[in-house]
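Peer 1: Construct the complete structure from the given sequences, taking the supplied hints into account.
Protein chains in written order, with UniProt numbering: chain A, 1 to 565; chain B, 1 to 439.
Derived by calculation from the structure, the hints in this document are not laboratory data.
Every residue gets a Cβ at the ideal spot worked out from N, C-alpha and C, and that includes glycine.
Keep in mind that a hint or two might mislead.
[Unchecked claim] Calculated pairs, DSS-like style, for lysine-lysine (alpha carbon to alpha carbon, straight line, at most 30 Å):
(1) K82(A) x K87(B)
(2) K434(B) x K335(A)
(3) K434(B) x K505(A)
(4) K186(B) x K536(A)
(5) K539(A) x K88(B)
(6) K183(B) x K536(A)
(7) K335(A) x K268(B)
(8) K86(A) x K434(B)
(9) K183(B) x K82(A)
(10) K86(A) x K411(B)
(11) K87(B) x K86(A)
(12) K539(A) x K411(B)
(13) K505(A) x K183(B)
(14) K108(A) x K411(B)
(15) K536(A) x K180(B)
(16) K186(B) x K335(A)
(17) K108(A) x K249(B)
(18) K539(A) x K434(B)
(19) K411(B) x K172(A)
(20) K536(A) x K411(B)
(21) K86(A) x K88(B)
(22) K82(A) x K88(B)
(23) K44(B) x K539(A)
(24) K85(B) x K86(A)
(25) K539(A) x K183(B)
(26) K82(A) x K434(B)
(27) K156(A) x K180(B)
(28) K437(B) x K82(A)
(29) K172(A) x K3(B)
[Stated by the list, open to error] Okay, the calculated bits of chain A under chain B, using three or more residues with CB under 8 Å as the criterion:
(30) 75-85
(31) 191-201
(32) 223-229
(33) 431-437
(34) 493-502
(35) 546-556
[To be verified] Not everything, but these chain B residues come out facing chain A in the computed CB check (under 7 Å):
(36) S138
(37) F172
(38) Y176
(39) T178
(40) A182
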Amino acid sequence: MSEYIIKNGIVYDPKTGVKGEVKDICIKDGKIADKVSSKAKSIDAKGKTVMAGAVEIHSHVAGPKVNEGRNFRPEDKLFSYKPGGKNTRMAGGFSIPTTFKTGYEYAKMGYTTVMEAAMPPLYARHVHEEIKDTPIIDQGAFPVFGNNWFVFEYLKNNEMDNVMAYISWLLKTTKGYAIKIVNPGGSEAWGWGENCTTIHDPVPYFDITPAEIMKGLLTANEKMGLPHSIHVHTNNLGNPGNYKDTLDTFKLAEGVKPNNKFGREQVFHHTHVQFHSYGGDSWANFESKAKEIMDYVNANKNMTIDLGCVTLDETTTMTADGPFEHHLTTLNHLKWANVDVELETSSGIVPYVYDPRVKVCAIQWAIGLELGLYTKDPMRSFITTDHPNAGPFIRYPRIFKWLMSDKSRQEMLKSFKYSDKVIAATNLASMDREITFYELAQMTRAGPAKALGLTDMCGGLAPGMDADVVVYNIDENKIKDPEEIEKAFGTASQVFKSGTLVVDKGEVVSNGNKRTLWVDAKVPTNSQVERDVQMKFLKYYSVNLNNYEVSDHYVANPYVIEVEN
Amino acid sequence: MSKTITDVVCPFCGTLCDDLIVTTDDDGKKILGVDNACAIGAEKFVHSSDHSHRVTRPRKMQEDGSFKEITYEEAIEHTATILAKAKKPLMYGWSSTSCEADSVGHEIAELCGGIVDNTAAVCHGTTLIAVQNVGIPSCTLGEVKNRADRIIFWGCNPAHAHPRHMSRYSIFPRGYFTGKGAKQRKIIVVDPRPTDTSTLADVHLQVEQGYDYELLQALRAAIRGEPLVGDVIAGVPKETVYEAAEILKSGRFGVIFFGMGVTQSLGKDHNIDAAICLTKDLNDYTKFSIVAMRGHFNVTGSGQVLGWQFGFPYAVDLSRGFARYNPGETGAIEVLKRQEADAVFVLGSDPGAHFPMRCVKEIARLPSVAIDPHITPTTEICDVHVPVAFVGVEVGGNCYRMDNVPIEARKVVEPPEGMMSDYQFLSAVLDRVKELKAN
Ligand code: SF4
Chain A
1 MSEYIIKNGI
11 VYDPKTGVKG
21 EVKDICIKDG
31 KIADKVSSKA
41 KSIDAKGKTV
51 MAGAVEIHSH
61 VAGPKVNEGR
71 NFRPEDKLFS
81 YKPGGKNTRM
91 AGGFSIPTTF
101 KTGYEYAKMG
111 YTTVMEAAMP
121 PLYARHVHEE
131 IKDTPIIDQG
141 AFPVFGNNWF
151 VFEYLKNNEM
161 DNVMAYISWL
171 LKTTKGYAIK
181 IVNPGGSEAW
191 GWGENCTTIH
201 DPVPYFDITP
211 AEIMKGLLTA
221 NEKMGLPHSI
231 HVHTNNLGNP
241 GNYKDTLDTF
251 KLAEGVKPNN
261 KFGREQVFHH
271 THVQFHSYGG
281 DSWANFESKA
291 KEIMDYVNAN
301 KNMTIDLGCV
311 TLDETTTMTA
321 DGPFEHHLTT
331 LNHLKWANVD
341 VELETSSGIV
351 PYVYDPRVKV
361 CAIQWAIGLE
371 LGLYTKDPMR
381 SFITTDHPNA
391 GPFIRYPRIF
401 KWLMSDKSRQ
411 EMLKSFKYSD
421 KVIAATNLAS
431 MDREITFYEL
441 AQMTRAGPAK
451 ALGLTDMCGG
461 LAPGMDADVV
471 VYNIDENKIK
481 DPEEIEKAFG
491 TASQVFKSGT
501 LVVDKGEVVS
511 NGNKRTLWVD
521 AKVPTNSQVE
531 RDVQMKFLKY
541 YSVNLNNYEV
551 SDHYVANPYV
561 IEVEN
Chain B
1 MSKTITDVVC
11 PFCGTLCDDL
21 IVTTDDDGKK
31 ILGVDNACAI
41 GAEKFVHSSD
51 HSHRVTRPRK
61 MQEDGSFKEI
71 TYEEAIEHTA
81 TILAKAKKPL
91 MYGWSSTSCE
101 ADSVGHEIAE
111 LCGGIVDNTA
121 AVCHGTTLIA
131 VQNVGIPSCT
141 LGEVKNRADR
151 IIFWGCNPAH
161 AHPRHMSRYS
171 IFPRGYFTGK
181 GAKQRKIIVV
191 DPRPTDTSTL
201 ADVHLQVEQG
211 YDYELLQALR
221 AAIRGEPLVG
231 DVIAGVPKET
241 VYEAAEILKS
251 GRFGVIFFGM
261 GVTQSLGKDH
271 NIDAAICLTK
281 DLNDYTKFSI
291 VAMRGHFNVT
301 GSGQVLGWQF
311 GFPYAVDLSR
321 GFARYNPGET
331 GAIEVLKRQE
341 ADAVFVLGSD
351 PGAHFPMRCV
361 KEIARLPSVA
371 IDPHITPTTE
381 ICDVHVPVAF
391 VGVEVGGNCY
401 RMDNVPIEAR
411 KVVEPPEGMM
421 SDYQFLSAVL
431 DRVKELKAN
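Peer 2: Here you go:
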């Protein structure tokens, strides 16, 4: 493998505590090295920023709902197609890009690891087929557990060993990475057109509450010592006044200590918190509760969050929260796709326009940024758009700009049609914090890598780690115009993925060595669970048990993380 | 000693039953029996295992119309050459093969500026258009089994076209919340004629041929309690429409299954728009889903792979270097009618039997290749016929059921000696196209 030396870059690396020092970064055999031989190719990074490859903790980029989004929105492909090149396939789409485009665009921004945040187990093979066709980036997928009938029944009966055996089996069967929970109980209730809007609403017919589901899965996760914590999208997403439900959910983790060998310190990850930080009791008095939410997060070290920033674009919302998407289609009257998945989950898709002229949308925009700016520990608060829900991932550089430049935020705030009302309903106008490059590296690299249990592998530049390295053509101390931030982070000068140069001068030059990450969590064999699985497949599933597992050949270049219990 | 293979997937219809048990002879070459399959499914296995009727080597049409055997290498060269030379080759079919094969085919099409279309062109293409207009509230077939107490079959006759659909998912099975099986379900069949499916119905709405749209809109109005004008609507007495509306509304979980009787009758995608809107409306009162009765065992998969690779489910035109989609313009039939393609490649379908005669003549006129295990009307008019192993019998691969659930088809027997699979053939063509394009 080639050796590289990236010379004289301004390096930001929270993993090694390097805060903007001029340094050389060496790459050898796909890893970061202390030194390289004289044969190493040299990259001149003088005056440029060097960071580790970015790590995306929560995105919807592969699988049934993403593809339904593509197929039912031909309009999303307008003006966005690029022909293939020497190293690339033709690629298009804006909020739901094709698999090829997903790989290229993430890589061009310097992202090298991306997690698909909701995999319906029955559709796991589809998720992996798409992952296989997504070039360059390492990926993993989180199977959904929060509406699973096995989980309901075991938790209801307090059978923790059985829950763990089932989790272990499902992760292995679907080649999944972590325990995802979406609208616990509510997506099952949606099977009857109903919902659980608070964490104490019982799930129809299952005699269990969302709080019990989340607490139970949290306990199982820590007992098993999985690399990531539970990854939660709680109940009552998107409704005025829901911050109370969010705080109720956070409290479930109080006093729980992490148990794992992967360096993760949280026991609970709450995703796209922007959608869960709403005050008021109607759209008329809708307001930001970002401060209340972040006060709690800042004070509780055993949890992490990601932001879910609204980018003010037309996009395609999609989630395993089926009742929410039905609610959304009744609000905006745009087309609605829904799929309820037997014994496992539901899901829905609705296009959405975050129009800056609409007061609510502008307030949502402000809330996402407030969450970022109230953050006291950037190692526990990560930048996402919940792609494509609050906006497409290609807008990350724009969010960086807003977080890093008070000027750019104030200009936006002033430009809104309902500027005064937006300012009154939020605190953003009074916040002058500007996120630094070092903090950005925490919020997009070191932090998410640590929360995922990958802290020794990616998100940092310590010798021995994967050589995921990005060079951006920008110098933090010489920025004259905030637009420079968006430009530089949108098109990296160079990106290395595990030591392979994949992007050079903003162009994709290689499809790299993409891997699929999954977790093999070993627990003692459990004949009760084996019998239950057989019985449920026989009676209630529509596919046979023996046709359910994702066989190895669908998993692109697997990287298996083994966990011993 | 015979061998028994369980959990076999049936590669015939979109029901994609995955519980077949196939018995083969000792050396795994001949299929002796197929359990659990319906008559058509079983026949597919048994028939494919009888090699005496099969063409096992590629054939090239001679001047006099007769066929002469050629080697696979010659067939690969021929296929790669016509595709690489063409400016706008039509690459049609993709519905009776695996997603892995589809994927390789798409790469060839991308390199050659082809038009990729699948059999949705003549079945549920209208559904896909309707979904693009209004979306689709849907569910997996297991949800139907476990929850549904209201079933509508609209313009389809599963008793004949999807024979095990009713027993596996829709009418007879007992599920978690449907312990009484068929007794717990009310069945409505909408069909101009009595069929074997309509004999099972609680209500048979004998819609007047071509009036599906009116009936659907009348049901939407009736559900909202709006007055219906006229005593008979679309051939159905007004009272019966109200009765049907009441049945739908009073259920706890309902599903509409619809087929080509409504996708290809007058109104086409507008019918499906209305059917989806009816489903959406019903969700204001109860829980309702709608599912297309897809025909070929993997037509759904073709749409899925096209979707993630190019963003559109069928009728994808790659000839300009980017993917374009405009059904009515970029679909196989229109392209043939306008005489716009300059080569034809067919795999996993039989347009010779199903396309309008003008299009069939056009296929016969153009340089062409047909890939198919069988001799079909299409293979008889193409310049070269390449027989391949049966997907789901002699080679495995991923397929998508009508509800988009992916199921991996299994290999149960060996193909006749020396025969290639779709995937192998396409991969070889891809390699050769790359070489030709490089020069
Ligand atoms: S119903 Fe369809 S998939 Fe099932 S056995 Fe019959 S032909 Fe095969």
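Peer 1: All hints are to be evaluated individually against the structure, with a verdict given for each.
Peer 2: Comparing the hints with the structure gives:
Under the criterion of a C-alpha separation no larger than 30 Å, the hint pairing K82(A) with K87(B) is consistent with the structure, at around 19 Å. Restraint check: the Cα-Cα separation between K434(B) and K335(A) comes to about 41 Å, which exceeds 30 Å; the hinted pair is violated. For the given pair, K434(B) sits about 27 Å from K505(A) by alpha-carbon distance, which is consistent with the 30 Å threshold. A distance of roughly 25 Å separates the Cα atoms of K186(B) and K536(A); the hinted pair therefore holds under the 30 Å criterion.
Distance restraint check for K539(A) and K88(B): the Cα-Cα separation of roughly 50 Å exceeds the 30 Å cut-off, and the hinted pair is therefore not satisfied. Distance restraint check for K183(B) and K536(A): the Cα-Cα separation of roughly 22 Å lies within the 30 Å cut-off, and the hinted pair is therefore satisfied. About 19 Å separates the Cα atoms of K335(A) and K268(B), which keeps this hinted pair within 30 Å; it holds. Of the supplied pair hints, the one linking K86(A) and K434(B) holds, its CA atoms being roughly 12 Å apart against a limit of 30 Å.
Simply put, K183(B) and K82(A) have alpha-carbon atoms about 55 Å apart, too far for the 30 Å limit, and the pair is violated. Pair hint K86(A) plus K411(B) does not hold up; C-alpha atoms about 36 Å apart against a cutoff of 30 Å. Straight-line distance between C-alpha atoms of K87(B) and K86(A) comes to about 20 Å, which keeps the hinted pair within the 30 Å bound. Simply put, K539(A) and K411(B) have alpha-carbon atoms about 26 Å apart, close enough for the 30 Å limit, and the pair holds.
This hinted pair does not check out: K505(A) and K183(B) have alpha carbons roughly 67 Å apart, beyond 30 Å. This hinted pair does not check out: K108(A) and K411(B) have alpha carbons roughly 41 Å apart, beyond 30 Å. Only pairs whose Cα atoms come within 30 Å are accepted, and K536(A) paired with K180(B) is accepted, the gap being roughly 17 Å. For the given pair, K186(B) sits about 29 Å from K335(A) by alpha-carbon distance, which is consistent with the 30 Å threshold.
For the suggested pair K108(A) and K249(B), the alpha carbons sit about 51 Å apart, so the restraint of at most 30 Å is broken. Taking the CA atoms of K539(A) and K434(B), the gap is near 49 Å; set against the 30 Å cutoff, the hint is violated. For the suggested pair K411(B) and K172(A), the alpha carbons sit about 23 Å apart, so the restraint of at most 30 Å is met. Our distance criterion of 30 Å between C-alpha atoms is met by K536(A) and K411(B), whose separation comes to about 26 Å.
Restraint check for K86(A) and K88(B): the C-alpha separation of about 21 Å stays at or below 30 Å, so the hint holds. Under the criterion of a C-alpha separation no larger than 30 Å, the hint pairing K82(A) with K88(B) is consistent with the structure, at around 19 Å. Under the criterion of a C-alpha separation no larger than 30 Å, the hint pairing K44(B) with K539(A) is consistent with the structure, at around 27 Å. Note on K85(B) and K86(A): the hinted pairing holds, with a Cα-Cα distance of about 20 Å set against a maximum of 30 Å.
A C-alpha spacing of about 18 Å is found between K539(A) and K183(B), which places the hinted pair at or below 30 Å, so the restraint holds. For the proposed pair K82(A) and K434(B), the alpha carbon gap of about 20 Å is at most 30 Å, so the pair holds. The hinted pair formed by K156(A) and K180(B) meets the criterion: a straight-line CA distance of about 26 Å does not exceed 30 Å. With a CA separation close to 20 Å, the supplied pair K437(B) and K82(A) stays within the 30 Å bound.
Annotation: proposed proximity of K172(A) to K3(B) holds, straight-line Cα distance about 29 Å (limit 30 Å). As drawn, the region 75-85 of chain A meets chain B at 6 residues by the rule of a beta-carbon pair under 8 Å; at three or more, the given contact holds. Figure legend: the region 191-201 of chain A, annotated as covered by chain B; annotation consistent (3 residues with Cβ-Cβ distances under 8 Å, at least 3 required). Against chain B, the region 223-229 of chain A contributes 0 residues with a C-beta closer than 8 Å to a partner C-beta. That does not satisfy the three-residue criterion, and the hint is violated.
Coverage of the region 431-437 of chain A by chain B is violated in this model, with 0 residues showing a Cβ closer than 8 Å to a Cβ of that chain against a need of three. With 0 residues bearing a CB less than 8 Å from a CB of chain B, the region 493-502 of chain A misses the requirement of three and the coverage assertion fails. Coverage of the region 546-556 of chain A by chain B holds [criterion: at least 3 residues with CB-CB distance below 8 Å; count 4]. For the restraint placing S138(B) at the interface with chain A, the shortest Cβ-Cβ distance is roughly 5 Å, inside the 7 Å limit, so the hint holds.
Interface restraint check: F172(B) against chain A, minimum CB-CB distance 13 Å, threshold 7 Å, status violated. Annotation: interface hint on Y176(B) holds; nearest CB of chain A at approximately 5 Å, less than 7 Å. The interface hint given for T178(B) is broken, as the beta carbon of that residue sits about 10 Å from the closest beta carbon of chain A, more than 7 Å. With its C-beta approaching chain A no nearer than about 16 Å, A182(B) sits outside the 7 Å limit, and its interface hint is violated.
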